[in-house]
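**Student:** So the protein sequences, as listed, match chains P, X and S. Counting from 1, one number per residue, gives the positions in the first sequence under the numbering used here. Counting from 382, one number per residue, gives the positions in the second sequence under the numbering used here. Counting from 771, one number per residue, gives the positions in the third sequence under the numbering used here.
The set of hints was computed from the structure by calculation and includes no laboratory data. Every residue gets a Cβ at the ideal spot worked out from N, C-alpha and C, and that includes glycine. Possibly wrong hints are sitting among the right ones.
Here are some of the chain X residues that sit facing chain P, going by a computed Cβ distance under 8 Å [to be verified]:
hint : residue
1    : Phe635
2    : Thr637
3    : Pro639
4    : Met641
5    : Glu670
6    : His676
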Amino acid sequence: MATKRVAICAVAQHKNEPDLWYRRFQNMLLDVLEDLQGQTGFKYGEGGVEMIVSTSDDFFDARTISNNGVTDVIGGQYLAEEKMAQEGLNAIGYANAIILSGHKDLVLIMGHCKESQGESRNMITNCGFDPFYGRATGLDYLNAAGLQARAYMKKSGLTDDQMAEIVVRSRQWAAKNPYANAQEAIPAGKVKSSPMLCDPIRQLHAYPVSDGAVGLLLASEERAKEFTDKPVWITGFANCMDTFFFGDRDLTSNFALKNATEKACRKAGIQDLKKAADVVEVMDCYAYQQPMWMEGLGFCGDGEGARFIAEGGPGKHRVNLSGGTLAGNPLIIAGLYRAAEATLQLQGGAGDRQVPDAKCAVAHSTNGPAGQFHSVLILEA
Amino acid sequence: MAEFFGTTVADIFNTMPKRFKPEASKGVDVVIGYECGGEGGGKWKLTVKDQTAKIETVEGDLGPCTATIMASDPETFIGVTLQKIGAIDALSQGKMRVVGDTRMLMTLLPQIFVQYTVPEKKTEVTARGILSAIGDRFRPDKAAGVTLKYGYDLTGEGGGQFTITIADGTCTLKEGLDADLAVKMTMEAATYVGMMTGTIDGAAAFTSGKVRIDGDMMAAAATGKYFDKYVDPNAEEAEELLSLKVVTSINQRFATGPVMGKWFAGLREKKLLASVCPLCKRTLILPQEICQFCHVRTTDYVELGPEGYVTNFDLVYFASPDPLTGEVRDTPYACAWIMLENATPEEAFAFEIDRKDLSKLKIGSRVRPVWAEKPTGSFRDILHFEIID
Amino acid sequence: MKKHIKNRNVAIIGIGQTTLSSHKEDQNQVEMVSEAVRNALADANMTLDDIDCIVHGNMELFEMQFQPDMWHALGCGSYGKDEYRITTGGTVGATLVCASDSLVASGQYDTVLCLGFEKLQEGNTTGGITNMADPLWFRNLQTGALTSTTATEMIKEFGKERVLRAAMKYRIMIDKHAMLNERAHRRLGLEYDQLETLMETSPQLVGELRLIHMCSQSDGACAMILTNEDRVKKGTAKPPVWIRDHETSHRGENMSNLYGAKKPKSTHRDCAEKLFKRNGIENPLEYFDVFEMYDPSAYWGLDWLREFLLLKDDEVLNLMEAGEFDMDGKLPVNPSGGVIASNPIGATAMLRPAEAALQIRGDAGGHQIKKEVRHALASGFGGTLWTVMLMLEKELNW
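This is chain P alone, in the form it adopts within the complex (with noise of 0.2 Å):
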C-alpha cells in the first residue's frame, strides 16, 4: 500500500533581494540546496532524492526550457526532473500525488526567479494576454490588477486609508523576517502619497522587482522521519481555474478562490478555516489584494473586506506574519516563500515571528491576470 499521507520535511529560502545581479540561478539554488541537505542530510539516488520537482518561468529566465540550465545543481543528472510552470504553490501540490501515487517517495521542489533580470516584468505579463486584442490594448498583470482593486474597493469599500495601513503592517512584519526584501519600515502617509502605477494602484501598494530561491523536500509518512521530527502534513491541496476574458468575469467574486478553498477543506476535514488555521500566508502582489483573498479563504463574508482589516482581522488570524507577498517576492515563485513561512511556523521555526503552538497553517498562491487561478495549500503539525 503506498502512503497515507505526505510531509513537508524541511524548507530552505534564499533572500529575496531587489538586484542580485553578481549571482546566477545556480549560486542561488545552490545555497538553498545545501541548506536542506544540511538540515535533512538527503543524498540523491536510489533509496534517495530520485525525483526533483522545480519551478520556474521561461519568460522571467529569457530561456527555453528554463530548468535546464539549473537541472545538474538542483541534482537532475540521470534523475527524474520536472518543471511546475505556474506557479510554485503548485509543485506542492503535484509532488504530494507523485507521493500518494507511490510512484516516488521523497520528492524535492527547487523554485528560482529572478525578477531583475528583465528589463520589465509588465512587459512580460503583456504577453500573457491574447496576441490579437489584449495585448494590443496594453493589458498587464498589473493593469489587470488595478481593474480589479477599483472594483473591489467599490464592493467592499475598502479605502486608500486601509490599503496604505496594509503595506505599513507588511514591513513591520518583514522586518523580522531574514529573507524578505522590503523590510524598511515606511509610515503611511508615504504609501499614500507614492507614485501612482495604475490607478488606484501606487507603487508602495504593489510588491517591489525581487530575486529568489526556495526549496523544499518532501517525504512519505514512512521516510519522513529519516530527515525530521518535525514534520508538517500536506492535510488539502486544491487549485481553481476561472475564465480569462474579463468580460466574462466578475472580477470580484473570487469564484476560483472559493472553489479552490472549498476542496482543499473537504481533503482536510475542515469545516470552518477560519477557526482552524492559526496561521494564514497569502500572496498579496498588490495591497488590496490581502483583504479580497481572505474573502474568498472564507475568513470573512463576501465584499466584507474592508471590514475585516477595520476590525484588526489581519493581526487576529496572523495573516501574513512574514510580511507576505507585498515584502517583495518573484511572481512566479511567491506560493513557495508562503509554504515555506507557514511550514516554518509549524515547526516553531519562524523566530520573531513565532506563533506560539501554531497547528495549522493555510498557504496560498495566485497565478494569471487578476487572480484567474488560485491554489490553496492546508498544512498541520
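Using the hints provided, position chains X and S relative to the given structure of chain P.
**Tutor:** Frame of chain P; chains X and S shown alone:
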C-alpha cells in the same frame, strides 16, 4: 469559332445537358427549335420529355416545334443568353424572333436550366512560362547587396536549362547553365511547376530527392526571398490572410555569478579554466558550481589545454539563424568536440574550428585556440581553434 | 531495488488528436486545443463534467505566450476545475501523461485530461530552440537541433557504409509506416530501391545528417483522458489501456561532455535499465509487442533503439537489416511513422503513448499491427538528450 463575350454559341448547347434540372421539368413536354444565323451559328433542337432533355444539331429543316427561337447572329444569341443584351431590345430591333409561345419560353427555360455562365479560361502554366516572367516578380529591395548566380536544370517535357543572375539590384534570366553557378537545382519541369503553383509540397520534394541540389544549399534556400510569391493564374482567389507581425523584445541583464565569472576572467588571460570535483576529480568545463554526478559544490579550478585533439565534429552546411540577431552564419563551418590536455576523459570542450582548416579536419586532429588580440572576458576572446600541423 | 507500489491503477480511456499540418491558419491556439479536447471526450464518450483536472504544458517561447494555459482555459475545459501546468521541453507530452498517471493514482483526482499542442507558425521555432542554451556561452555555439555527432560515433564503431545504409533503411521503413497512417504529416512514398539514390541526392545539413533523415515541424494538438480502475469497471467506451509504469532520466545543459574520449551512459539506457529492472523485464525485445519511440532523426532512431532495448555491439544493425522493426517484424517500431513523419513538438511526445495505446486497443486503423498487441513501450526525448519512458499494458495482470 466565332467568340463573343468570351464564349461560343456551341458551348451554350454543349453545356445544356449539364445545366438541365430534371426535377423542375416534371410534366413538361416540349420541342424547342433554335436557329442562329451568321458564322458560328447553326440549328439546334431541344426535346424535353419525361424529365429528360435531348439536344441535337440539325442540318436542314428543324421540323415541328412547340416554339422556335431565331437570332440573326451569334453575338445577339450569346448576348441575350448571358443577359448582356436585353431580350426585349433584341426582339424590337428584329435581331431576334420567336415563333410560338413566347411567354412559355420566358418562364420555362429559366426554370428547367441552370443559367449559362462563361466557363473560366484555364491559362496554361509551364516551367518556361514561369521562369521567363521571373523578372516581374523580382524584389530589388529584398535583394539589395546580393550577388548570386544560380541555375535550374529542368528535365522532361517542357524542360530546359536556365541561369538566373542577381546583381546590383537587377535580375536577369538566360537559357543554358553557366559554369560558375553558386548552386544548381535539378528536377523535372512538372515538379517545378507543381512547387510554384503549390500542388507539390516543396519541402517533401527536396527531402525525397525529387529535387537535387548541387552547390551551396543555403543559397538554394535563399532564392525564394528575392521574389514575390508566384501566383497561379488558374487558382481561385483565396481569402486574404491578414497577418500581424510583431517582434517581442525585452532587454535582459544576464548574471554570470562568481563561477562562470571566473571562466570569463580566465579567458581574459588566455586561460581555459575548469572546475574540479572534490570527489570524482572530473575537470568540468565550462566551470560549474556543482559536480552533477557527485552532487557536491566544486571549489578548485584547474587550467586545461591549451592544446587538445578532436573526438567528434559537426560540419555544418545548413545553419540556423541566431535568435538574438537573426543573422545566419556563413556555411560551411565546423563545431568540434575537443579533448584539451589535462581534461578528464568525458569532459570535452566544444568550439568552432578555423574555417581555413575545414578540409584538414579529422577525428584525432590536434588543435589549439587562436585568441583575439585583446581578450576582454567574452565569447569572442577565442576566435576559433586551428589545426596544428 | 525497491518494489514499485502503485496506490491504484490508471488507464487511458480517451485519445483525441487534431489533424497535423504545417499551417493551421484557420484556427487560433484556443480553438486548436479545444478540437483535441473534444475529440478525446468523444472518444471516451464523456463530457467535461466527468473531468476533474486538466494538465497542460508547452514551451512558452515557441508561441511567445506567457502562461498560455490562462488564455487556453476556455479551450482546455479547465474553467472551474483543478489544473496543473508542467513542462519538460520536448518530452513534455510524455511527461504530461506521467503526471496525469500520478495525479489519478494518488487518489486526489479520479479522471484527468492532459493536453499537448504546438503552433510553431505563430512564433519563431529556431529562436525558441536556440534560446534553450545558456545565453552567455552555449547559445553562441549554435549547435542546435541539427547534429551528426551520433552518426559519427556510429560510423566510428561500425563503418561508414553499413551505418549509412542502415540509417537510410530506417528512414524508408518509417516512411512506409507513415504511408499507412492517414493522419501522418509527411508521407513521401519512398521505396527501398531508392536507398542508394537518396543517400546521394538528399541535401546534407550537417555532416552525414541529410535533410531526409530529419523530422520536420508540424502544428497540431493531442489530448488524452486517464481514469482510475474503479471508474473503468463501470464501463468505458473503448477498451482501457493500463499504464503500468513510467520513468524519467534527465540531464543538465552541458552538451560538451557527451562526445569526449569516454562517452557517458545515455539517459535512454539509464531510464530503460531502471524501468525494466524494477518490472522484471530481462529481454525488452522479446517482451514488447510495439515500440513508439521518439525519433527526431534516422541516426538517433537507430542509436536509441540500441540504447532502449539494451542491445550490445551491432545487434541493432543486424535487427534493422533483417527487417525486425517493420510492421510484421519482431518488434514493430513507430507504426505511426514516428516523429520523422509528424512533429508537433508540444504534442509529439504525447503522440507516442497515444499511438502505442491505439495499437493495444486495436484502434490504429491503417497502421494497426496485425499481431495482438499486449505490451507497449513509448518514449519521449527532449532538450539536451533526456528521456521519458512509459509502459502500457492491455490487461491488469502484472
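**Student:** Are there hints from earlier that the structure breaks, and if so, what are their numbers?
**Tutor:** Violated hints: none at all, because every hint is consistent with the structure.
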